[in-house]
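Asker: Working from the sequences, and respecting the hints, build out all of it.
Chain by chain, the residues run as shown.
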Amino acid sequence: MDSLVTHSSILAIAIPLLAAFLTPLASKVGDRARNTVVIGALALAEFLVIILARDIYLNGLHVYTLGAAATDLTIPEHYMVPVRIILEVDAMSVFMGLITTTISLAGAIYSISFLKQETGGDRFYTLLLLLAVGMLGLEFTGDMFNFFVFLEILSISGAALAAFRTRFGDATEGGFKYIVISAVGALVVLFAVGILYAQYNVLSMAALAQAIQYTALDKIALALLVVALAMKLASVPLHMWAPDTYSVAPAGTTPMIYVASQACLYGMFRVLFSLYGVSLDTLAIGWIVIVLGVLSMFVGVTMAVHQSDIKRLMAYHAISQSGYMLLGIGVGLAVLADPQALASYGREAISGGIFHIINNALYKGLLFLTAEALFFSLGTRDLNKMGGMFRNMRYTAIFFIVGALAISGVPPFNGFTSKLMIYESVYNFSPVLAVIAMLVSIVTLASFTKAFQSAFTGPALPQHDNIREVPKPMLIGMGILAIAIVFFSLFPSLVVNTIVTPATDALIDQAGYIGAVMGGA
Amino acid sequence: MSKIVRTMSNILIPLVFIFGLYIILHGHISPGGGFQGGAVFASGVAMIIVAFGSASVQKRLKEHHLSVLESAGALIFIGLAFGGLATIFFFNFLAGSAVFGNIPPSGSNPGDLWTGGVIPLMNIGVGLKVLGGLSAIVLVMALASSGIEVEE
Amino acid sequence: MTVGLPFNIPFLAVAALISISFIIILTQRNLIKLVMGIVIMQAGVNLFLVSLGYRTGGIVPIFTHAPEGAMVLPVPQALTLTSIVIGVACTALMLSLIVLTYRHTGDTDAEKSRILKG
Amino acid sequence: MRRAAVAISLVVIIGLLVAAAFLIHPFGQPPSQMDDYMIENSQAETGTNNVVAAVLFDYRGFDTLGEATVLFTAVTGVVMLFRAVKKRES
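Protein chains in written order, with my numbering: chain A, 1 to 521; chain B, 1 to 152; chain C, 1 to 118; chain D, 1 to 90.
Check the hints yourself; a few may be wrong.
[Unchecked claim] Pairs of lysine to any residue, SDA-like flavour, derived with a Cα cap of 20 Å:
#1 A:K219 / D:V18
#2 A:K219 / D:S9
#3 A:K219 / D:F22
#4 C:K33 / C:T105
#5 A:K28 / B:A72
#6 A:K219 / D:H25
#7 A:K28 / B:V68
#8 B:K3 / B:A55
#9 C:K33 / D:R3
#10 A:K116 / A:R32
#11 A:K219 / D:L16
#12 A:K116 / A:L378
#13 A:K28 / B:I76
#14 A:K219 / D:L10
#15 A:K28 / B:H65
#16 B:K62 / A:L25
#17 C:K33 / B:S145
#18 A:K219 / C:S19
#19 C:K33 / D:L10
#20 B:K62 / A:S27
#21 A:K219 / D:A21
#22 B:K62 / A:T119
Please keep in mind that the hints were generated in silico from the structure rather than gathered at the bench.
Answerer: Right, dumping it as structure tokens:
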């Protein structure tokens, strides 16, 4: 069993990859064989990430050197620089890994019924598995060039999935925008990695973090990395592609493409906290991240209010919600330098932002799935053409209520607890920001009640009376996320202590991150 | 395409394929490897498509043949990576063993094919994958731009 | 601040290539020209990665019949190979998406799908 | 407004690139502690003459696996996009 734990970090990436290579052959046997291979691989990946998480919470950071004689032989015997690729999994990466595997499993189960009417189902599932592999690889790797390779994998598989329904004009357009933005972003990341490699001749993040002296070139590399990842993250000045791509992505893939942009958010924080950490002047960079967050919150919600297409409405809300995370963790970054402020509210802000990542992934994923269920049965995404679906699609309506209440931060739900943590800590930092955050949350509540009223209650349109509930796999997919949301809402303190605080400490503790590879700590 | 182009490509195609396979197999002792050799081979397939037209090529060379070839190459590659899992993922378990295991004398040497452990086998796996994949891309895009439906 | 004007010509070429590609991406409307811009950027970044590894008077890092001399750095060459293959994959997907949009809209003008200011 | 934003961002990008071109190490003298280790030990550890193949498949083999996955994704994506699409029954 413990040998499985030592190899769990690489197996969580390699087993879905093996399943992805097997899917074309398995689909020759039959659809049922293919579905079992896909769901089995994702369930196994979820199991591996869970035992990896338990091991990390017990005895700290997990280092895995690929190709060496032993897992912790990060640096060759009497040498001072790591040569091989090292997977460095700390509490923050495994936290993101939990989100990725849960959402991928829910999305895969959700997509089973969707594929009965579409051709090309086995290629759809291969790409879905590769999207999950891309996200997991990006979160677990401790090597800058490997980060670029997995960023590229999730971009290409996400773009191909977004353009799956080729008979709709806007699907190919949404996919094209996503691939153009991702290609340019990935090339800028590669250029920044080249600059860092040119200076320090090492590619492992920990070795780079130890060697970085924040010279003029490092500032340029930091600027390029932050801009490229902000572009992938759909934070405001570069968010134009997000509504088009999220609204066209088929079945269970919309939440996965959204979690892919959250993985890029993790990538940005890994660069800011672990690669540069205290060497950069944290106040200025912290304020830049805060401004990005506030802009995303504000513009996201104002654009969302008058949307008529239900998935575009949710896409703009997704942008505004990721603004919350940028705000929370930006405040933490701004006060990273002085320990007194960090202890009083900085740590609280970061754990609020991190807790908001998982909450948002769960209820935003659920809302996207309910919107797709409405599209599946009604054939339209336009809110004006819906109405009175409460009687016909009872379960979808209940899931929509759970998601809508959670996103607008209504007290018992998990959205409220993480937003509360962000409000409290941001208030100490600067009250204006907290007030803006609360305003945005109220507008979110308003726009979701409007959406619920026009979709579910209200007069039943005549042509919709024969609509029946969505098939069972879609309900199971939505059910997984709904149960997770309810669990998170009932035991917030338990969740925060077991998952979120270790992730916050791991993100802040740069010395531990470097020591695990360079043998210092 | 015209008769001259067809006869010339008939003569050239075996040479291009052999050269592509040569680059794949000698990847660990001379410049080249899986990707470069696969690309050379795929350029041969592209030459066939240009010379004989994508419609006639699709009658003989179906797309799912190429996807099986590609999956097989990928499975060889990740299988070899899994092979070293006894010690660690991607461990070169054949270096120094019986198969492909000779260790070349350090410094400049004439280069012996029977060296490199897992690397030549991985080269072959990646070569098959790139060969199948790039030919599939060229074939499908040629069919798509000429408006012929791709047979599933 | 080692500023070597005559020695850094390759890096200036890289700066020129990437600036040209950004100009194309931000101003061009036609989708195919946009993809050409991205291909130029790929070429620029690949040139940058390769020229990082050059050692003056270095020889090919292969020991078969290797002449005397210090060897050029091998890692940037491996990174460039990976980057080239990724560039091919990206370009293939972008071009096939353009073929599909062309089937729907009948032209490749990006008037309707404004990429950056949508 | 859009032209101004494009112009400003272009000037900033070109400025960053030219500054990087000047600040980087002179063309022929890169720092090379990681690469020297690979040049000296690749024959002994991996048994190959071609150091680039050793780097590609043994020292940084995971990159090559990731990159083979990228090519596999692109091929699956392209073939999926051009599949024959049959109409939905419902």
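Asker: Could you run down the list of hints and mark each one as holding or not?
Answerer: Going down the list of hints, with the structure as the test:
Of the pairs offered as hints, the one joining K219 (chain A) and V18 (chain D) holds, with about 14 Å between alpha carbons and a cut-off of 20 Å not exceeded. For a cut-off of 20 Å, the pair hint linking K219 (chain A) to S9 (chain D) stands: about 17 Å separates their Cα positions. Annotation: proposed proximity of K219 (chain A) to F22 (chain D) holds, straight-line Cα distance about 14 Å (limit 20 Å). Of the supplied pair hints, the one linking K33 (chain C) and T105 (chain C) holds, its CA atoms being roughly 17 Å apart against a limit of 20 Å.
Restraint check for K28 (chain A) and A72 (chain B): satisfied, since their Cα atoms lie roughly 14 Å apart, inside the 20 Å limit. For the suggested pair K219 (chain A) and H25 (chain D), the alpha carbons sit about 16 Å apart, so the restraint of at most 20 Å is met. Restraint check for K28 (chain A) and V68 (chain B): the C-alpha separation of about 10 Å stays at or below 20 Å, so the hint holds. Our distance criterion of 20 Å between C-alpha atoms is met by K3 (chain B) and A55 (chain B), whose separation comes to about 17 Å.
The suggested pairing of K33 (chain C) with R3 (chain D) holds, with an alpha-carbon distance near 19 Å, which does not exceed 20 Å. Note on K116 (chain A) and R32 (chain A): the hinted pairing holds, with a Cα-Cα distance of about 12 Å set against a maximum of 20 Å. Only pairs whose Cα atoms come within 20 Å are accepted, and K219 (chain A) paired with L16 (chain D) is accepted, the gap being roughly 10 Å. This hinted pair checks out: K116 (chain A) and L378 (chain A) have alpha carbons roughly 17 Å apart, not beyond 20 Å.
With a CA separation close to 19 Å, the supplied pair K28 (chain A) and I76 (chain B) stays within the 20 Å bound. The hinted pair formed by K219 (chain A) and L10 (chain D) meets the criterion: a straight-line CA distance of about 18 Å does not exceed 20 Å. Straight-line distance between C-alpha atoms of K28 (chain A) and H65 (chain B) comes to about 12 Å, which keeps the hinted pair within the 20 Å bound. A hinted pair counts as satisfied when its Cα atoms are at most 20 Å apart, and K62 (chain B) with L25 (chain A) qualifies at roughly 16 Å.
A threshold of 20 Å between alpha carbons decides the hint, and for K33 (chain C) with S145 (chain B) the separation of about 18 Å falls inside it, so the pair holds. Only pairs whose Cα atoms come within 20 Å are accepted, and K219 (chain A) paired with S19 (chain C) is accepted, the gap being roughly 19 Å. Taking the CA atoms of K33 (chain C) and L10 (chain D), the gap is about 18 Å. The hint holds against a cut of 20 Å. For the suggested pair K62 (chain B) and S27 (chain A), the alpha carbons sit about 17 Å apart, so the restraint of at most 20 Å is met.
A distance of roughly 14 Å separates the Cα atoms of K219 (chain A) and A21 (chain D); the hinted pair therefore holds under the 20 Å criterion. This hinted pair checks out: K62 (chain B) and T119 (chain A) have alpha carbons roughly 18 Å apart, not beyond 20 Å.
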